[in-house]
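Chemist: So the chains spell out like this:
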Amino acid sequence: MLEARFTRSLRDFSMEVDNLIVHRGETLALIGENGSGKSTTLKIISGLMKPDSGRITLDGEVLYDSAGKIHVDPEMRNISYMFQSYALFPHMTVRENIAYGLVVRKRPKEEIRVRTDELISRMGLNQIADESVTRLSGGQRQRTALARSLAPRPSLLLLDEPLAALDVKTQESMRRELATVIRSENIPCILVTHSIVDALSIADHVSVIKLGKIVATGTPEEIVRDPVHGFSVSENPNMFRGEVHVRKTGAVCVKIGGIYVRAVTTLSGIVNVAIRPEELIISREKLASSAINSFEGKITRIRPTGLEVTVYVDIGIILAATLTPQSVERLSLKTGESVFVTFKATAVHIFA
Amino acid sequence: MMTSAAGYHRISRIATRVLTGGLILLFLIFISVPLVSLFTRVGIEDLLYAITSEAAISALRLSAVTAVISTIIVIIFGTPLAYINARIPYKGRNIVDTITDLPIVLPPTVAGLSLLMAFGANGLLGQYFSIFGIRIAFTTTAVVLAQIFVASPFYLRQARSSFEAIDVEYEYASRTLGAGPLKTLFKVTLPLAFGSLLSGVIMTFARALGEFGATMMFAGNLAGKTQTMPLAIYSELQSDLSISVALAILLVIFSFGIILIVKYLGAWEMRKYA
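Sequence lines, in order, name chains L and E.
Numbering-wise (the numbering used here), the first sequence opens with residue 7 and increments by one.
Numbering-wise (the numbering used here), the second sequence opens with residue -19 and increments by one.
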């Protein structure tokens, strides 16, 4: 188990992490915008950067303690760090890269060979094991880097934007592979990402980091539904300003542009409104459902975004809906066509 | 109207081509004619005779030995210094960089004179050496010191920029994989910097080999003791011109080889890690 609290002043802001905990065999996703302190957190935990104060322990062993003036060097921490750039040693082959952590630890030759071979075949790198890493594709680089990080059986694995360097198509397959490998190795892991999709598919817990502070922690589902922090990281396109109206019947509505949307809130006056694209249902016919908000509109744009397709519908305001490519095909959606958009009142998040 | 504009463009294009071509040609002639004329001066037999003469051999040997020693000393002391200056920001780093660069722009005679003032028998440091009966000026040691003084900046500059060119994440990765700073240096940083460092070594060696002014001032021109090839070229000019030319030709060939090696190394490095 990793427990960390530390402060560190940076050029633009101060890092103040109170309580970062990763349990045995658990994956924590650290999610936040660029420059929010994600990579700095990894550098501090790995020992590459010294915090100003605090205490970091891993499985009961003190790695850093400002009070006791303890700072364990990165090479003594047994924490593997996979860099966003992968930082594969360009003067070595795939095999030499993977074996590096074992070779510098002076493990017996036989053990190095067995462990390296195991990871090479596990990652499907057999064909290219003796190639120079400069000749690899993005996916092969990622696998080599992951194998190199895993080889010494670290007590903690740090992954800095492991999928960011890949093209969208490779990202999808590697995301699944990464999740499988991390789970089967049973090594606690901190994954830094700005993609909620990565966090959802890989992590057990998610911490949202903003300007050097962890502002929310929870399960991926909790964070996704968190009206404040969930949206800030997923960059919800359906963010509006609206005004709360209460009808004579007691129903609460928000007026956004020219339309009235049913919502649940205790706030009044001018508010922020967020509607998650995943919670919109697109249909050809008007749905008879429990969802109270139903609007007819024209599709203005259909945009593939990685795993999903974002469909923009003009219902007086433009709403973005996230669909699977299969759904888009099944409904044979095309730009300019008329569709119905349906969503629950609880899908409309109101905040000040 | 159209045709006249097009015609004007054609003329200006041709003019540009002729001008640049002429300029390049002029420069090539200016550099190569003097070098070629060295070769036309003596026949091959004279050349062989001159090169095997005692004066030439002794100068050659002395040059080779001193340049190798000074280059090795520069590598041993310069590599850690360059690494520190590339990686660790400390107070006064810019000042250190400026001072280490100074010998490049300093006239070699000034360098020689400064060395003499420092290490001469009555010099700032030399007086203490004298107490122990150690003489530095006008010895082979002085030749080496003069070469280090003028040639070290070439290595320091090149080494610093080659270390700076290596992404620090390679070192970080090595550290987190369990290698200490020293192991990281020998397993990751130095192998990655090797080609670039080697160009620096060759440039430094070449500069040390060609050292004249500072050696003349600080070490003197004593045959077999401090008379390196450049000094021998100068001395033999007054006695046996063919030896002078022969030594000069050797240095020209050597210099040309160095330029080729450095260029090749650079291209090789680029291809390897591109």
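Keep in mind the hints are simulated off the structure, nothing from the lab.
Don't take each hint at face value.
[Claimed, not checked] Below, in silico cross-link-like pairs of lysine-lysine (DSSO-like), each with a Cα-Cα straight-line distance of 30 Å or less:
#, chain 1, residue 1, chain 2, residue 2
1, E, Lys163, E, Lys71
2, L, Lys254, L, Lys292
3, E, Lys71, L, Lys112
4, L, Lys56, E, Lys71
5, L, Lys115, E, Lys71
6, L, Lys112, E, Lys167
7, E, Lys163, L, Lys75
8, E, Lys71, L, Lys75
9, L, Lys56, E, Lys243
10, E, Lys167, L, Lys56
11, L, Lys115, E, Lys167
Chemist: None of the hints should be skipped; say for each whether it holds.
Modeler: So, going through the hints one by one against the coordinates:
1. E:Lys163 <-> E:Lys71: holds, 27 Å
2. L:Lys254 <-> L:Lys292: holds, 26 Å
3. E:Lys71 <-> L:Lys112: violated, 38 Å
4. L:Lys56 <-> E:Lys71: holds, 19 Å
5. L:Lys115 <-> E:Lys71: violated, 45 Å
6. L:Lys112 <-> E:Lys167: Holds, because 14 Å separates the two Cα atoms, which is no more than 30 Å.
7. E:Lys163 <-> L:Lys75: holds, 25 Å
8. E:Lys71 <-> L:Lys75: Since the Cα atoms of Lys71 (chain E) and Lys75 (chain L) sit roughly 24 Å apart, the hinted pair holds (cutoff 30 Å).
9. L:Lys56 <-> E:Lys243: Violated. Lys56 (chain L) to Lys243 (chain E) sits at ~41 Å, over the 30 Å cutoff.
10. E:Lys167 <-> L:Lys56: holds, 24 Å
11. L:Lys115 <-> E:Lys167: holds, 18 Å
In summary, the numbered hints that this structure violates are 3, 5 and 9.
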